[in-house]
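Could you build all of it, start to finish, from the sequences and the hints given here?
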Amino acid sequence: MDIKTNVEIQDWLVSYISDLLEINPDEVDVKTPFDRYGLDSSSVVGLTAELGDWLGKDLNPKLMYDYPTIEVLVDNLVQTI
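Using the working numbering, read the sequence shown as starting at 1 and increasing by one per residue.
There's no promise every hint is true.
For each label pair, taking beta carbons as the anchor points, the in silico distance ranges come out as [stated by the list, open to error]:
1) 6 / 50: 14 to 20 Å
2) 22 / 79: 28 to 34 Å
3) 40 / 5: 27 to 33 Å
4) 5 / 42: 25 to 31 Å
5) 15 / 68: 17 to 23 Å
6) 2 / 23: 26 to 32 Å
7) 6 / 53: 15 to 21 Å
8) 26 / 56: 26 to 32 Å
9) 30 / 2: 20 to 26 Å
10) 52 / 30: 15 to 21 Å
If you're looking for bench data, these hints aren't it; they were derived computationally from the structure. Bear in mind the structure is a predicted one, so any value in this text is a computation, not a measurement. Beta carbons are placed, not taken as given, at the ideal position from N, Cα and C, and that holds for glycine.
The structure is reproduced here in structure tokens:
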């Protein structure tokens, strides 16, 4: 399994959210809660599934509620993968 770094995971999340919302990646702040971006539950499930596929790990969509910003989610993921 290819271990991802904090920066790689953060960049992946910023890219995914900016593509999903059709905004510039510079507009995605890693300290802003996911709910501020208007992500609904189906978006969260899709994001979590795709991130899990990319990481090669099953992820529970609840993670995005337990770790509500890119910054804290990435910190948690790096510790658990």
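**Prompt:** Can you give the numbers of the hints that this structure goes against, from lowest to highest?
**Reply:** none
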